[in-house]
Every structure is written in C-alpha cells, then in structure tokens.
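As you go down the protein sequences, you meet chains E and V in turn. Numbered by this note's numbering, the letters in the first sequence go through residues 1 to 428 in order. Numbered by this note's numbering, the letters in the second sequence go through residues 1 to 428 in order.
Some hints here could point you the wrong way.
Which copy is meant is left open, because identical chains are indistinguishable; a pair holds if it fits in one copy or across any two.
Said to hold, decoys possible - Restricting the straight-line Cα-Cα distance to at most 25 angstroms, the calculated cross-link-like pairs of lysine to any residue (SDA-like) are:
1. Lys-378 - Gly-81
2. Lys-364 - Leu-376
3. Lys-24 - Thr-143
4. Lys-241 - Pro-269
In case anyone wonders, no lab produced these hints; they're calculated from the structure.
What follows is the residue order along each chain.
Number of protein chains: 2
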Amino acid sequence: MEKVSIGLLGFGTVGTGVVRLLTKDRERLEERAGCKIHLEKVLVRNKNRARKVLIDNRKLTTDVYEILDNPEINVIIELIGGVDQAYRYILRALKNKKNVITANKDLMASYGEELLLEARANQCDLYYEASVAGGIPILRTLTDSLGADRIQKMIGIVNGTTNYILSKMSGDGLSYEKALASAQRLGFAEADPTSDVEGLDAARKMVILSHLAYSIPVKLDDVKIKGITDVTREDIVFAQKLGYTIKLVGISEVNNGDIDVRVEPTLLPDGHPLAAVENENNAIYVYSSALGETMYYGAGAGEGPTAVSIVSDLLAVLQNMALGVTGNHIFLPKKELHARKDNLVDSQFFVRMHIKDEPGSFSKLTDLFREQNISLGKLYQEPIPGRDIAEVAIVTHVTNKVLFEKSFEILKQLDVVVNAKYFRVERG
Amino acid sequence: MEKVSIGLLGFGTVGTGVVRLLTKDRERLEERAGCKIHLEKVLVRNKNRARKVLIDNRKLTTDVYEILDNPEINVIIELIGGVDQAYRYILRALKNKKNVITANKDLMASYGEELLLEARANQCDLYYEASVAGGIPILRTLTDSLGADRIQKMIGIVNGTTNYILSKMSGDGLSYEKALASAQRLGFAEADPTSDVEGLDAARKMVILSHLAYSIPVKLDDVKIKGITDVTREDIVFAQKLGYTIKLVGISEVNNGDIDVRVEPTLLPDGHPLAAVENENNAIYVYSSALGETMYYGAGAGEGPTAVSIVSDLLAVLQNMALGVTGNHIFLPKKELHARKDNLVDSQFFVRMHIKDEPGSFSKLTDLFREQNISLGKLYQEPIPGRDIAEVAIVTHVTNKVLFEKSFEILKQLDVVVNAKYFRVERG
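Only chain E is shown next, with the shape it has when bound in the complex (with noise of 0.2 angstroms):
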C-alpha cells in the first residue's frame, strides 16, 4: 500500500485541526503509517471563505458525491455533525467499501449499530474514538486493554460543559446563571445550553460508550435523564457541608443480566478521584472484574484533542488496510440486557430540606425514615436566622430506590417539611 487518499467531509474547528495536524507532523504519521497520506478533497459550505491552514484551493468542493462517489478515495473523515445527513452520507460511503472515521456522537448513539453492521458487512472500518471524550482515549481502552477483563460499571463525568458549570459554582460561589454565562463567554456552552444542561449529551456517550464495554445494544431511550437546571448553590454548599461534590454524572451498570444507565446530578464523596475533576476536564471511571478501579481524564473536546482522536483513528485503519483485515476489529453486540427495573436498584440518597424550627419537627423527619427502613448516615442541621426555618440535609445509607421515593413523597407532605428535594449519593 504506497498512498492512502483521504476525503474529509466538513472544514470547521475539528476539521482545520485535522487539516494541521496532517500538515505539521506529515513526516512522523506517514513513517508510522508506513505509507504516503494524500488529502483528497474537503466537502466545504463555501469555497470562497477564508481558512486558518493553508490548502490548495482546487481541494475543496461543495459537491459530497465528487467524495463519496470517488474510487480514489479510501477512507472518509466524517464531521459535519448532525444526524440525518451524516447517516446518509456515512452510509454510502461503507456501500462504496470506503473506511470511516467521525466523531458524531449524536449519530453514533442513534444509529451506531446499525452502522457498525453495515461496515462489517462491506469490510470496512468504522472508528469513532472522538465521539466520546475527545481528549481520552477511552473507546481504544474499552476494547483493547480492557477486552481480557469484564467491566460491571462506568461512571463518566463527559459533559464539560455541565461540568465547568458546576465547578464554578462550587469553587467560585457562582450561581447557575451566572456560571453558564460564563461557560458561554468562554466558548464551553452553546448559545442554546439545552443537550448539555438537561444532560442529552451525556445521555448520548453513555450509550456509546455501554455499547463499547458490555457489547450489547443500548438505546437512548433506555437512559434515565436529569440535567443540572435544578441544582442551586445551596444544594452544593450542604453536600459539602456532608463532604461530597455535586457532578453531573452517566453511570451504567450491568448486573445479572440487566442494564441500569441514567445521567443524572450525583454526589461523589470528596476522597473520590471523580471529585477532584474540575472544570471542562472529562473523566471515565471503569470498574471491571479484573482490573478493579482505573481512571481516564483529560480534556472533553476542543480542536487539538478531538484531531488527534481522528488521527489516531486514521492510523488504525490505515494499519488495518495494510494488514488487509479492516472491517475485522468491529465490534458487535452480542447479547441483549433488559434496563434494570427501579425496585431493584439500591443507593444512597441525599435529601436537602426546610423544615419548620420547632420542637420535636427534628424527630417527626427521624420517626418517618425508620418507619420506612431507612437508616441515616450523615446529617447536618443549621438554623436559618430570622425565618423560623432551619435548613436539613441528610444522606442516607444504601436503600432501595423504590422505598426511598415512596418516603421522599410521605416526607414532602409531613407538616414540618416547607420543601425537599433529593440527589443520588455515590458510594466512594
């Protein structure tokens, strides 16, 4: 194999990046690639619009076919982002036994599967190691150093945006308002916040990334989702009072044949290493049988890591073109899990409340919850000056979700309780 011709669909951010990163280090990729790396054509908007790297003019083209319809060509670089299209054109391109590579995450979480099929059955490769986490290479770790061990579960903090959001209030007493104005001054949030914030997003790569580890189909709409819109900086000044920082976490477990994935606002205790995770940075936590505990952190997006994913990607494929094996490597599931009802699932909750500051009101929240089998670990209780109310946080021991529901709604109606509202706690 003396030259590898490349079809790049998309010349945004990531895609300039790529551009530079196959200019810069052309010399070091191709003696590792073992072969000439040629960039065919760029599917652009505009022909005319100015660029940040240099490239010949005649490269570019508005025309996706003059790509995927080109015999030349024989891997395509997919990352122009959405749904519908990109399926279409990813699609006919594995017909065209081309390989590919994207980082569309939204794409992959709806129609990785399918995909993934598709490409198996043309004897192409499909990697996309950048839809997960750009800056971790944790889909490649999945696979390869974790496939002679067996994953149970995976706590991710991938979102960054929610992340930075949440390290800001916390670190800097900044409210949500002001902590997403500033993520959006700083480029880390979209103008409109919404797949973030209410944790779609994160949705999106648990599924890919559940997928990955246990080979089995995981749909969306098997993800239980609540985003961060509902936690305000008292949530955050009690947890820590109690010793745990709020992250928005995806954790997907599989037990005795069933699958439990959710994203949700979870309280980490401060020794955990997820804790200590701030700002835009991403983190996977993986617990598997063999291994026990490893972590993998680094930046969640961003030019420079989301190209170097691609990059890698590229170089895979381009030794699985080489070896004559792509289309080899692809995973495909295997087995179905059923998600895990919520009567089987147990976990401590933290539960934040105001209750009226009278006598024996302390003792009518204590009676409920060992009425209801529900044992106490932390509990912290502060006066509210001047308003008759005192401020109760609480974080239970290991108790069944569906019991503890059944209570929370019990709790919310005794006559002490002004309001509550709870968290998941995460065991350390």
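Following the hints, position chain V against chain E.
Chain V only, in chain E's frame:
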C-alpha cells in the same frame, strides 16, 4: 491458526492469576482470539507443592528447556522475575522464534532495548504491559492512542508502596516508621523495602515509560533518584498548610533535545488530579501537544490487575500471530537525547526550616532570597512553643535549580537558621 500453545515460566501469585483467568474465561478469550488457547507447560521450582488453581500435574516441569526449546510452544510468559536468568531465558525464547510476554520491569529497564531488537530481528513480539503499573493499561495507551500525538512530559505515581506510606503519614498522621510497618503488614511493602522507599522501583518504571513515550533509549543511570526516607510527618503537615500534598513522583520531560528524568518526593498543589491518588494506587499524568493533559489511574499491582495485563498482551500477540505481523509493532528507539544539565532545569522549591525566633531573623532570610534573585511565593511561619525557635515554610516562584541549590547552601550557613531542608514543587 487453530491453536496456540503457551509456556509459563513461574507459578507464583501472578502466574496463578494468569492460569485462573485462562481457565475461567477460556471461552470468551478464545472467541476473541479466534483460536484455541492451550497451556502446554509451566516452569515450577517444586512439582509437588499444593496449588491454588486446578492444574494437570503433568504440565508442571522443573526443566526450563522443556519450555524454551519446545517446538510446540508459540508464546512464552515470563513471570520468574530477577534479571540475569530471565534475560537468558527470554533471549533463548526469542532466538527460538517464540513470542514473549513479561511483567519483569527490572529486566526491561536494564535490557529492554537489546531484547526488543532481538525480538524484531526474529519477527517475534515482546510485550511488557504488566511491567509498569500493572492495573493501568498505560504502555498500550502511549503507543496506540497517543501515537498521533507528541508526548512532552509525564508525571507518574508509579510505586504503590511509597504512595501508601505517604498517604498514611498524610491522612492518618502516622510516622514514616509506623506507615512502613502498616504497609508491610498489608503486603504492600517487602520485608526489605529498600528498592521501593529509595525510589529505584519508580525509576525503573520511568525508564520504561520514557523509552516508549519518546522513542529514545533511556538508561537507569540517567535518572536522578531520591527516595522518601527523609520525608517526615512535619514536612507533610507544613506542605499541607501551604496547600500542597507530598508524593513520590517520577518526572520525565523532553525539551529542546534534552531529557530530564527524576524520581523524588515532590509537592503537588492540592487541586492537581495526582494529589487525589491515594494509598497503593498509581497514576500517570501525561502532557502531550495535541491532547493536552490526560491522566491514567488504577491499581499499581496485585494478582488480578497484573494477570489481566498479561492476558491483554496475550490477546494482542494472538492477533498479531493470526495476521502474520508479529514483531512489526515493536517500537525501536529512533534518536538519542542528552540528559538535561541541572543548570537548565527550572522549578519551584519548598523550603522548610527552623530559625531562631528573634527580632530580624525572618528578614535575614528574605534578604538572602532577594540577593539571590529568588522570589518567594507562599510563606508560613509559626513559633514552636517553649523553644525560642520558629517553624518556617516557603514555596519559591520558579527558579533555576543550580541557583536555588547554591542559595540553599548559603541559607544553611546563616546564623539564624537552625536547620533546613527542601523539596521540589510541581506546578498545578
């Protein structure tokens, strides 16, 4: 390729773990490997000893050549440890065209380059993931995932024993002696802990990591090594007062054609992800030009983690055998770098001293630092009750190492200074 036959050298804790994994997960591993995995022979010292796993006694042998010269055997797993004998066995196995997997860091730190060249010459694989941080797939990450990137610097907590000791001194307030005794009781430290506490074990791992990360030959003699035997409980307490945690870290850095590899007790700012790595755990923090900062965290050793690293290596070897590409993936050093001279090393430093508690004594210190052009960052002073002596802790700004050491010698001679010591400080 229908069947692969394995010869195992050594049947201690890790060997038992490997046999257990190969037995328990045989079906799943063979499905991944696409061939039968057959354990042919195991080298033991005593054939009649009771074993913790079920094994056919006829597979045990005390004659290593029944394995090394056995034409049936394709893959040798070396777990006998030590350097000279293991070196001879592996060399012979390679010359006999057998692929080799080893967990032997002493061997790889001393003879890694030579053995890799021999493997390459014989078109055999030589994998050694388990030799560094058995519970973290770091070697594969450096070669595969970071293959498209340029690694500039690594900071590693790569010795579980010393990290456990420092964690207990820091968290539980134990003295060095008591923490060491606790580590020995729990099996985290050897009866003779010299190689761990003096930093030699960590240095060997940094040699292996540097070798791979920068594609250059690094010798153990090039590593500046300082252990933790001089770290006291008080050093830890006063570092904490200034917001730092003391860890034994290995630092390896390339810059302008120079390389600097050192192992020494180092202050890490409390917010640094490495500062949260507790007890016997390991972590490697990597700086690379495109990905930025990433960290890989997990158990440092233990039967399970080390055995799974060995079996992951085995799966990689089996894949290479099936593709007929054994030996191709072997990294060969490409260039030589010079050890950086200390006059080119810049760092922050933490100085802890006792000074006479009398008027003007503190200003004599600050005068000295000003004369020497070393500017001070954080300062802490407190009188020691009833002793006319004050405890002083200082963190300097970044300064030249040679200049700092010269100034430190002058400082020790000041009449107001009773005693003084210093450690390096890593920036956050």
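Hints, one by one, checked against the model:
no., hint, verdict
1, Lys-378 - Gly-81, "neither (46 angstroms within a copy, 48 angstroms between copies)"
2, Lys-364 - Leu-376, "within (14 angstroms within a copy, 56 angstroms between copies)"
3, Lys-24 - Thr-143, "between (29 angstroms within a copy, 20 angstroms between copies)"
4, Lys-241 - Pro-269, "both (11 angstroms within a copy, 22 angstroms between copies)"
Hint compliance for this structure: hint 1 alone is broken.
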